[in-house]
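Model the placement of chains B, C and D on the given structure of chain A, informed by the hints.
4 protein chains.
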Amino acid sequence: MNKTIINQFKDVDLDEPIFIEALPGIGHVGKLVAEHLIHELEADLFAELYSPSFPPQVFVGENGIIEPMKNEFYYLKSAGEDKKDYIILVGNTQGLSPEGQYEICGIIIDFVKKYGVKKMFTLGGLGTGQPVDNPKVFGAATSNELAESLKEYEVTLRSADGGIIGASGLLLGLGMAKSIEGACLMGETPGYFIDADASKAVLSVLLQILKLDVDVAKLEERAEETRKMISKAQQMEREIAEGMRLAPGEEDLRYIG
Amino acid sequence: MNKTIINQFKDVDLDEPIFIEALPGIGHVGKLVAEHLIHELEADLFAELYSPSFPPQVFVGENGIIEPMKNEFYYLKSAGEDKKDYIILVGNTQGLSPEGQYEICGIIIDFVKKYGVKKMFTLGGLGTGQPVDNPKVFGAATSNELAESLKEYEVTLRSADGGIIGASGLLLGLGMAKSIEGACLMGETPGYFIDADASKAVLSVLLQILKLDVDVAKLEERAEETRKMISKAQQMEREIAEGMRLAPGEEDLRYIG
Amino acid sequence: MNKTIINQFKDVDLDEPIFIEALPGIGHVGKLVAEHLIHELEADLFAELYSPSFPPQVFVGENGIIEPMKNEFYYLKSAGEDKKDYIILVGNTQGLSPEGQYEICGIIIDFVKKYGVKKMFTLGGLGTGQPVDNPKVFGAATSNELAESLKEYEVTLRSADGGIIGASGLLLGLGMAKSIEGACLMGETPGYFIDADASKAVLSVLLQILKLDVDVAKLEERAEETRKMISKAQQMEREIAEGMRLAPGEEDLRYIG
Amino acid sequence: MNKTIINQFKDVDLDEPIFIEALPGIGHVGKLVAEHLIHELEADLFAELYSPSFPPQVFVGENGIIEPMKNEFYYLKSAGEDKKDYIILVGNTQGLSPEGQYEICGIIIDFVKKYGVKKMFTLGGLGTGQPVDNPKVFGAATSNELAESLKEYEVTLRSADGGIIGASGLLLGLGMAKSIEGACLMGETPGYFIDADASKAVLSVLLQILKLDVDVAKLEERAEETRKMISKAQQMEREIAEGMRLAPGEEDLRYIG
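Protein chains in written order, with the numbering used here: chain A, 1 to 257; chain B, 1 to 257; chain C, 1 to 257; chain D, 1 to 257.
The following block holds chain A by itself, in its conformation from the complex (with noise of 0.2 Å):
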C-alpha cells in the first residue's frame, strides 16, 4: 500500500453539502461532537480512507475483533431547518508524517470538493491542561466575515496566539486554495481525557449555526459509553508515539512481534 486511497461504496447525489471535520484530537472533543451529529441525525457511511502514513497498526475493539485504521465519511440529506446536505468525517487515527498529513488532507479537499463544497467547519480542543469550569468555544476562519459571524455565536476568537496543528488546521489551509471557506471551533479543555463538557459547548455553536436540532443532554450518556473504549485508544497511541521516540524496530520489541 503506497498512496492514500478512498474507497467509496456508496453513490450519493448532494447538493452544495457543508462539510464537516472530527477526527481524533485532544480530549476527543470534535469526535464526540462528530459521533453525536452522526448517530443522532442518523448519517450514512458512504466512504472510507486508508492511507500508508497512518500508524502500522490495526486497533482491537470490543470482543477481541480487528478494527483497521481508518477515516470515514458520512452523509446527510436535506437536514435541519435550513434543509442543507453534509459530509461527516470522523476516523480513528490522523496521518503520522507532514507529507503524510499533506497528502491525505489534499485527497479528502479534492473528494468532497467533487460533490460541490463551498464552507467547511473543522472541530477539535483547546488544550489548557488546566481544569477548566464553564469551557469556552474558541474560533478561526478563513475570511474576515466568516471570522466576525462566529462572533453572534458566543465564540472567542483566537488572536495570533499560535495556530491549528493537524487535518483540523490543514484542511482548512488546503481548502482555501479551492475557494471553500472554513472555520475551526474548538472546545476549551483541561486535554488528556474525554471531554464531554468541551464537546457539548462545541455542540451548541455549531447547532445554531447550521440550525440543526439535535439533543445536546444525550451526548453526555454516548461520552460515558465511548470513554472506556478511547481513553483505552488513547493510551496505545501513546505508546506508538513512545514506540516511534524510539524507532518503530524497537518499539516492536516492546510491544508485539
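Incorrect hints may appear among the rest.
Treat identical chains as interchangeable: a pair holds within one or across any two.
[What the hints assert, rightly or not] List of simulated lysine to aspartate or glutamate pairs, DMTMM-like, C-alpha gap at most 20 Å:
1. Lys118 <-> Asp13
2. Lys3 <-> Asp110
3. Lys151 <-> Glu62
4. Lys70 <-> Glu181
Quick caveat, the hints were computed from the structure, so don't treat them as lab data.
Chains B, C and D only, in chain A's frame:
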C-alpha cells in the same frame, strides 16, 4: 534500491495455503514458534523480501559472516492431519517507517494472495513488563466467528485494550481488504529476553488449531541455541533505535564509519 | 498535495536580478531585514510556494484569520544606486524533513534561475546563546573572491566552524551547481527572541553591498510591531517540535482535534 | 532536487577495480585511511554524488568558503605490487533516513558495478567507549572464504555481536545481491575524537591485503591537520542531530535563518 522487492527463486504450487507470520518482536515469541515449525516440519525457503525501509545495516553472524536484512517465505505441502499447505514468513527485521511498514505489508499480502491464501495467523508476544508464571495466550481476530473459535483453545480474547502494532497487526488489517480472515496469537511475556515459555504456549495453541504434530519440548533447546545470537541482535536494534533518536548522522559517528 | 508547487500570479520581466533569501530562523534576524526591505522599497508579491514538507498546520493571525503555511516571492525593479532588479524570498516556515528541504530549495533555485539570477544573498542569525552587545555580522561565500569582498564591509568570515543549516545554507549549496554565486550574512544574536539589533547590523551591511538606501532606524519599530505576533508563532513552532518528538499522533491529542 | 545523482566529469577505463568505501563515521577512522591513500597514491577525482537524503545544509571551510554536502569517487590505475585498479569513495556526509541510505548505497553499487567491481572493502571504526591502548582491527565479510583470509592479517573476526550500521554495512549487503564480495575493516577506537591510531591500524592491514606501499607514519600528520577542521564538523553534526530531535523547524530557530 528504491522500493520493496520480493525475490522468488522457486515456483511452488500451493492449494489455499494458510499464511503464518512471525517477524521479530517482543521476546521473539513469534519468531521462535515459526523457526521451530520450519525446522521440525522441514519447510522450504522459496522467496525473500528486501526493503529500503529496513534498517540501513547488515547483521554479523557466526564467524564474521555478513547477513543482509531480509524477510523469508517458506512453504509446506500437505502438512498435519488436515493435509493443508502453508506459507510461513520469518525474517531478521521489520520496516522502520509507517510508510515502509504499509508498503512491505501490502506487498506481502499481494504475494500470498496470489497463492490463494484465505486465512492467516500472525504470532507475537504481549509484553507485561512483569514476571509471568504460566503464560497465557491472548488473541484477536478479524471476524467475530474466528474470534469465538479461538476460545475453544483457551485463548484469552483481548478487548478494546489498545491494538496490535507492527506487521502482526498491519498484515491482518490489510488482509481484511483482500478477503483474508485472520487472527493474532500473542504469548504473555515479560519482554526483553528470549522467552521460550511464551513461545511454547503459542506453539501449543497453534498446533491444536492447525492440527499439526510437532515436538513442543524441543523448542526449549532451540531457544537456548538462538538466545545468545538473538540477544546480541536485540542489543544492536536498541543501538539503532538509540541512533535514530540522535539522527542517523550522529549514530554513524558513534558506531561505525 | 504530494509535491512542492509555486503558484505564480504575475508575470515579471527582470534583468539578472539579485536573489535575497530570508526564511524564518534564529532571532528572526533575516526575516526582519527582508520584511523591512520589502516594505520600505515597496517590493511586489508575484509568486507563492506551498509544500507538503511544511508543517501540517495553519497559523492564526490577528482577528482569528487563518493563514496557510507558505513562502512568498517579491520583486523589485531598478532599485538603488545601481538600478538593479531583485527577487526577495520570505515566508512563515521552512521544510521539515531533509528530503523536503532539498525539494523546496531545488525548486526555488530553478525558479529564480529562470529570471537570470547569478548572485544571491541568504540572511540569518548566528546564535551565541549569550548576551550580545554590539552584534557582529558573520559571512561565508561560495567563492574566495566573494568571501574576500565581504571583508570590505566589516563582515567576519566564518572559518571551518561548522556550517549553515537549513534554507540559508542549502540554497547556496544548490545554487553552486547552477552557476549562482552567493554569500550568507549572519547577524550575531543570543537567539530565542526577536532581535532587531542583529537585524540592523545585517541590514546595514547588505545596504552597503547592494548600494541601496533604506531607513535603518525604522526597523526597530517594525521589530516591535511584529515581536508580539512572531513570538507567538515561535511558541507554536516549539510546540510542533515538541509534538514531533512525541510523534504527530500524540501531539494531535494534546493540541487540537 | 528529488533524487540522488552522480555527476561524473571524467571518463575512466578501469580493469576490475577494487572498491574502497570510507564515508564519515566514528573516530573518522575510515575517512583518515582513505584520504591518506588518495593523497599518497595521487588518486584522481572523477565523479561526485549528491542526495536529497544528505543533511539540508552546507559546510563552511577555511576562509569562509562554502562546501556542499557530497560524496566523491576517486580512481587509481595499476597501483601497488599487483598493479590493480581502485575506486575510492569518500565524502563529508552520509544519508540521514533509512530510505535515503538504501537509495544512495544502491546507486553507488550500480555505479561501481559498471566498472567491473567484484570485491570491496569498507572501512570504519568500532567504538568501545573506553581508552584503547593498542587498537585491534575487527573484520567481517560476505563469504566464509574471505572472512577466513582476513585472519592472516591479524584481523579479529566479529561474531554474532550485532551488526554494521550505515554505508559500511549496507554497501556490503547490497553488493551481495550483485555478486560483489566484500569485507568491512573496523579499527578499535574510543570514538568521539579523530583517532589516528585506529586509522593507522586499519591502514596497515589494508596495505598488506592489497599489497600497496604507502608511508603509514605520515597519517599522523594528516590526522593533526584535519583534526581541528573535522572536530568542528562533528560538532555541527551533533547540533544537527540535536536539531532533528527537536524537529528541523525548531533547529532552524536556534541556529540560523
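Evaluated hints:
no., hint, result
1, Lys118 <-> Asp13, "within (16 Å within a copy, 36 Å between copies)"
2, Lys3 <-> Asp110, "both (15 Å within a copy, 15 Å between copies)"
3, Lys151 <-> Glu62, "between (42 Å within a copy, 15 Å between copies)"
4, Lys70 <-> Glu181, "between (26 Å within a copy, 18 Å between copies)"
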